[in-house]
Amino acid sequence: MTPQRLARGQELVARYPQAQSALIPFLQYCQEQDGYVTAQAVEDAAELMGITPGEVESIASFYTLLFKEPVGKHVIQVCRTLSCMLRGADDLRDYIKRRLGIGHLESSADGQFYYEEVECLAACDRAPCLQHNLEFHYDLTPAAFDALLEQWRENVPQPAMPAE
Amino acid sequence: MAQPEPVLMKGIGELDLADMDVYLRTGGFEGLRKAIVEMTPEAVAEVVSASNLRGRGGAGFPTGRKWSFLPKDGRQRYLVCNCDEAEPGTFKDRMLLERTPLQIIEGLIISAYAIGVKQAYVYIRGEFLEGSRIFRRALAAARDRNFVGANILGSDYSLDVVIHRGAGAYICGEETAQLESLEGKRGEPRLKPPFPAIAGLYGLPTVVNNVETLGYVKHIIERGAAWFAAIGPAKSPGPKIMSVSGNVRKPGNYEVPLGIPARELIDLAGGLLPGRRLKAFQPGGASSAALFEEDLDVGIDFDSLAAKRTMLGSGGFVVMDDTACMVRCAKTLTRFFEHESCGQCTPCREGGQWVARMVSRLEAGEGSDEDLRVLGVINNTITGTNLCPLGDSIMPFLSSVMRRFPDEFKAHVTQHACPLKQSMAGVA
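From first to last, the protein sequence lines stand for chains A and B. Following our numbering, the numbering of the first sequence begins with 124 at its first residue and continues without gaps. Following our numbering, the numbering of the second sequence begins with 260 at its first residue and continues without gaps.
Isolated chain B (complex conformation) (with noise of 0.2 angstroms):
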């Protein structure tokens, strides 16, 4: 099958894109030029609201809607570029970051331009040392060029940039946690309303984005509202980066225009292993539920997966073949979200521990008819409760692989261990 037309991946292993050279003579730049010599800031929100562009973060939320709710009040602003990628699954902002730096910067200072921003923040996952290592010398280069910093391309617009890394913090990845974090506090999200674009940093309407939004406003603007809008589902339109991983030939990031069906990113990833059968996917990342066999038609975008009761998320799709133990892929799960529950609510800390806990036993074959009872109810007092999806997300996976698989389930407690003894299984 032929791979479709690269927009951000463009280039990404031929060329050495994160020198400022490279990415001039491969069009770097142009867009900004397009926006600030020739555009007014509202014409740039305009074109990226008229794209129906949606956040490529997780929550898909319309970027120029988010843009649009910043107060006009004169009151300074802030954008923060969400780069803390750590959805498991998704690798596709840390690909960015290391080997296409300046079009994530480019399309930064278009969009701090369009919101009247003079002051943007990077947020680097702390694990992605050499990733910002990257982008802080491509920042300065840009700066170099009076891409970034004051009257920028001689005009009247000055941008400031500053570079900041976490330190080891999955829910700072959410963008109240990540504004907190920012502040040097403890990452723990902030109730909502008010939303950041009210009171975001430093208490300041800020607008978070998310690194491979970013890089999309550059080529809307460069290409127009409509070439972006005419790719795939109208109301979930362009195209994605998809990070595929798991039990498939060629894991990797494929490009590819948003309602494209499942069966062919399976297929561009090379398919299955020879001899094994499709089992389990999940389309969004470990916060998503599982999809199976019988769903491989489904459209890879926001709205035809909500509609089957899952969810795009960050583009993280892991496949799983007929070799892979759902319970044991549940215990991996379940044990991520446990680590990761920043512990303010209640639900996600106690329940997220528990729900742990008992998939844990299963796993090792001491689990009881009880734990499986108890895990199909449980979902109810944990889904909805908490402050930020962190805790909505513990249960979606789990649930949907005992619906799927009751009996592969039962068998762990039936018989005290795993009946597949997966082991190395997945090593072609």
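Looking at chain A on its own, in the form it has when it is part of the complex (with noise of 0.2 angstroms):
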């Protein structure tokens, strides 16, 4: 574990009674830094919890929003469930999809797009929403989603998950 990480670990572990419960926030600490969950994340997590890797990666892998490969730089999740499907939202995402030429849970092959199909947002009020790297975006429509990806397309992103 490198220095910073094991800090880091130590830093959440003390917020808690029982240190499994840094668990989660430890691994979107390393998921912001690595892109997502790699192998080192998840024996510096065992290490750090006193839990074996199996155990961090069945409880991993419970979780949407920890990613267990590599992902496109821009994670953008788009919303398909009923108050969304109500105003659009089927109709948009196969064009989302026709736009970025992959399916739901695929990475662009340059490494810069990841598409999902999520359920429910809390964003119903202004649907169809999505989330481009956890930052909401509503009302969308075709030109809308296209002038989202003009401007994703012209600057280098942020991590795509933030950690806090």
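Rather than coming from a laboratory, the hints here were simulated on the basis of the structure. Among the hints, a few may not be true.
[Said to hold, decoys possible] A short, non-exhaustive set of chain B residues, derived as facing chain A with CB atoms under 10 angstroms:
#, residue
1, 385
2, 426
3, 442
4, 541
5, 545
6, 557
[Unchecked claim] Cross-link-like lysine-lysine pairs, in silico, DSBU-like; alpha carbons within 30 angstroms at most:
#, chain 1, residue 1, chain 2, residue 2
7, B, 269, B, 509
8, B, 567, B, 331
9, B, 494, B, 293
10, B, 331, B, 451
11, B, 451, B, 567
12, A, 191, A, 220
13, A, 191, B, 509
14, B, 293, A, 220
15, A, 196, B, 444
We treat Cβ as the ideally placed atom computed from N, Cα and C, and that holds for glycine.
With the hints as a guide, dock the two chains, each given alone in a separate frame, to form the complex.
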């Protein structure tokens, strides 16, 4: 474990009466740096929490916002649940997939984009909606998506999954 | 129609209530001052009990009674604020978190004081990154003013609050799954009893309360139990934030007195789009059975909706008009439950997948009469056979729309396609 990672891990562990409570925050921190939960992060977490790497993997696999393999730098998560569907999300998602040239749970060959269809994001009043690197975008149309895509292509993305 | 007077939503959209100075100018932390300076913890809990406040997270359990189950044995106890809002159609807790975090913090501290908690956790849905940042700043501001920390407002009461962000799992909104997740485990609901009040976080007595519930505690302490209890039906009183979405002109959060007829809530949300007719509505999120045109006079409260064999849930009110295909709506929701099952209980894990596959087949025009027959009876083996309410939530919407619109389901089989050909239908 790098000294920096150990220090952050110990800080997180100190927040709780039991070390394992810091597991998810620690994995979020590692993912922010590495882009996903690496084998090294699993080892480091196991060491810090006093559990086995297998246990860490089992727990990490439960949570959809912890990636187990590398994903694109732009994580695009589009809502597919009822309120967005009622306002045209099914067709919008088809459009987005065509524009990105990738499907559900896929990353583009150049490593730039990752696309995922997710469940209700709690922004139904401004449907259809999506999250880009956990930032909300509302009231989407094909044209609005194109404008966002242009912006994302121009800017170097922040970490896809910020920890805090 | 005039908007009813807002309580928790007062000032939202006009003022930056996440700013401490602004919040203090609007009466912020007056409830906390009153509770800590003028009242004993027992007196605060009594007022909350007398108000008949029922939990706003979904189950509707009386908050005062939930608190009263904590054993008086001197052990450490915890309060967990549940901000893991993920019930489809519900978006009120995210609004409260982002737009009026200090009000939630104030309600949280008053509640913690009432039940003798010195350590509280706020479990925030993983997707609410921005909300968690806003809340973290608000908590720091509250600490700077000594509303949180040691010897709050010069009293001998101290409270520490830790923010914990989830990592994507609907089931972690269920209180025992949330405690597992907070302990750094898979978010799998626990077998009950024991209930969290007896054995909760780290095996110690714990209360889990929803964000909106804690917000109302502040106002109940400020204005008194009688004020709250006098709003709406006696057994289901108070204001409630309803998240209205789907095929209405002005989707949004509307804070209304419980008991308001469904018809008036739809009117508040601007009514239907021009030329459209109501087809169905869900009063309480994806887990609730649908109601229809003939039910528009039902009161939006816990008991009136239960009498209609549906529920208020967390207040996710989703409106579907005559352009909405019921099979497609059901496909979307059964897929949701299939995706979100934690996998512990076989009827939910396997039954959920099975149902979702059948409905998806029907929607694609590839279903059979046998699919329709099985979907008509499968309720008996899925509902009531699981550890937590998720499994019981798979069937209510589907069953209710199959009963009401049998011809629409049948047409998907006989015509091998959707008779409505819904496409971008909801976009105005």
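**Asked** Okay, which hints does this one fail, numbers in order?
**Response** 6, 8, 13 and 14
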